[in-house]
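Hey, can you work out the whole structure from these sequences and the hints?
2 protein chains.
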Amino acid sequence: MAGRNGDERRGQLTLRDVSEASGVSEMTVSRVLRNQGDVSAKTREKVLEAARMLGYVPNKIAGALASNRVNLVAVIIPSMSNMVFPEVLAGINEQLEGTDLQPVVGATYYDPEKEEKVLYEMLSWRPSGVVIAGLEHSEASRAMLANAGCPVVEVMDVDGEPVDVAVGISHWRAGYEMGQEILSRGYRRIGFMTTTSEGDHRARKRMEGLERALGEAGVTLADQIFYSGNSGFAKGREMTNEMLTRTKDLDFLYYSNDLTGAGGLLYCLEQGLDVGGDLGMAGFNGFTLLEGLPRVLATTESCRRETGIEAARIIAGQHVFEPGADRRIELKPTIRAGDTMRPKL
Amino acid sequence: MAGRNGDERRGQLTLRDVSEASGVSEMTVSRVLRNQGDVSAKTREKVLEAARMLGYVPNKIAGALASNRVNLVAVIIPSMSNMVFPEVLAGINEQLEGTDLQPVVGATYYDPEKEEKVLYEMLSWRPSGVVIAGLEHSEASRAMLANAGCPVVEVMDVDGEPVDVAVGISHWRAGYEMGQEILSRGYRRIGFMTTTSEGDHRARKRMEGLERALGEAGVTLADQIFYSGNSGFAKGREMTNEMLTRTKDLDFLYYSNDLTGAGGLLYCLEQGLDVGGDLGMAGFNGFTLLEGLPRVLATTESCRRETGIEAARIIAGQHVFEPGADRRIELKPTIRAGDTMRPKL
DNA sequence: CTGAAAGCGCTAACAG
DNA sequence: CTGTTAGCGCTTTCAG
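Chains R and U, in that order, are what the protein sequence lines are.
Residues in the first sequence are numbered consecutively from 1, following UniProt numbering.
Residues in the second sequence are numbered consecutively from 1, following UniProt numbering.
What the hints contain is simulated information worked out from the structure, not anything from laboratory work.
Quick reminder that beta carbons are idealized off the backbone N, C-alpha and C, glycines included.
Check the hints yourself; a few may be wrong.
Stated by the list, open to error - Some, not all, of what chain R presents toward chain U, calculated at C-beta under 8 Å:
| hint | residue |
| --- | --- |
| 1 | Pro86 |
| 2 | Val104 |
| 3 | Ala143 |
| 4 | Pro151 |
| 5 | Ser228 |
| 6 | Gly229 |
| 7 | Phe233 |
| 8 | Ala234 |
Here it is in structure tokens:
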């Protein structure tokens, strides 16, 4: 191979080109372009001018290799299609705004093996941080995370042991508290509709919390449906119809998701049921996009954006943990009773 | 500085470590790990074993620099909060699945300056492709795109000149066709509600197409509202109320977005209006999540996922353009009349 | 304040 | 089938 940077080796502009065009050493050009170290105003001007003229764009690959610093943050989520995940991503993005960090997104499609692959792929870029959904991962994935050599934030769940840091709400607690809320309003015959397709530990934890709260009052779930596939209004309608048909005396319908809940709500209103009175209903997530339904569906705000923001703060080093402190940041979801529960007793 | 790779220079496992542990040359180790070239089964096994034992993760930064190949695809969209963009991203992600390409996402928040910054940032990683929303960019951005040295796909719009390739629907045509559809069903007093916050050229183009269709029949818009901020049910309700109050004889309401349309739909139903009869309504996008509303809102399916898929195919080199062929891939949106338009005359 | 030298960890190219 | 050599474009380090 010919000498270093032969001539226009790859059609790519290099520091050397700027150096030659400006008559300043590569090193000083580099300093100017990174705003690093002291450079005389005159030299700086010359360099900037040359860079602009040439249309030079630095090569981060080379920079990253040389400096061992990469401004990428790996974000690994189950899916882009389920609204909740883009919302977390939006929070991350928002908080990273001030920094020079960029998110790189990978989807696992709820498949642990796929998660392993994506994680491996991402880690091979030596990112400055990893944000990954959930606390449940394969052995191999946990090992990779543990050896990532960068902050690792497991998000959207705090019911378990994080590899490094966890940020999110306690889904168990969310279920538990909604259970208490339901009971406090005098409902006793409760039907629950939840997704399984999420592969989702979080929905399961909510259910466990719910059952615990009910159990403490001697109540058991009167009926339940597990569904897979997309959560939408139609699914909520269909399930609600099925459940109300087969179990006659239900007085509360709890959905694992606001969208199915909203579908159920519309259905019940059409049926002329006394929603918010004899029949209580609640969903989960707090999707603001639903505001404007005929009734405001009771729900638990699951702090998605906030979770993303907090995760990003940690990656960006804007959150310092005291040594020995709990490395789980539990966000507190709020229950909004909306119009679909009767007043507390 | 000490000799090359002194000892555990950065606490990072290198090819050399695997080489030493397996007694095979670095080069061959590299071949095995990349599944490239012929390596004897025995050697391969030794290497794989050593790599696994050590927990070696290749450094893509170094690989990319050496090979001048980067498996990253830059995806630049206005926002993560507006459902349409994550949906395009989902399509990209899906199609990239089979390849070794990974999307890197950046948000511009509808700000051309921000777009420039994000683009610069992304390009400095020398990605294998760029997918960017829209055809309208600053001079500087267009220059960067033109010199990106990789496929550049401008998505979600084909009404204009792409730098390289464009994929998406024609919004002008979408508006035009909906206009014709509306007229064909005998509606004449049309109110239009559209967002401005998108900074959005696309909504504007739809409106222009709509006005053209109406104009050809000698009809002009009876009323219109431009709003900014989030599109949700609540906004749709509010605007609909306002418009129906101030303009009495409207017979059709056209929304720039399904969500506001759905809000309007719920409102009109509550008001006891003859939706789908004397009063027609339509939205835009074809959000499947809305299926299950009391009525199916008429809409134009805007092919978001398909756009992402097609863009990814181009980046991945799975779509070959004939030389001289039009480098705009116009996807054909379909109008779904739903339940909110009366039959054609 | 500026520059020269020496790699970062990997792969292309060529030679066995 | 395997190994050697020479960098990729940048930044670190150390000397002026």
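Note to self: Need the list of violated hint numbers for this structure, in ascending order.
What the structure shows: Hints 4, 5 and 6 not satisfied by this model.
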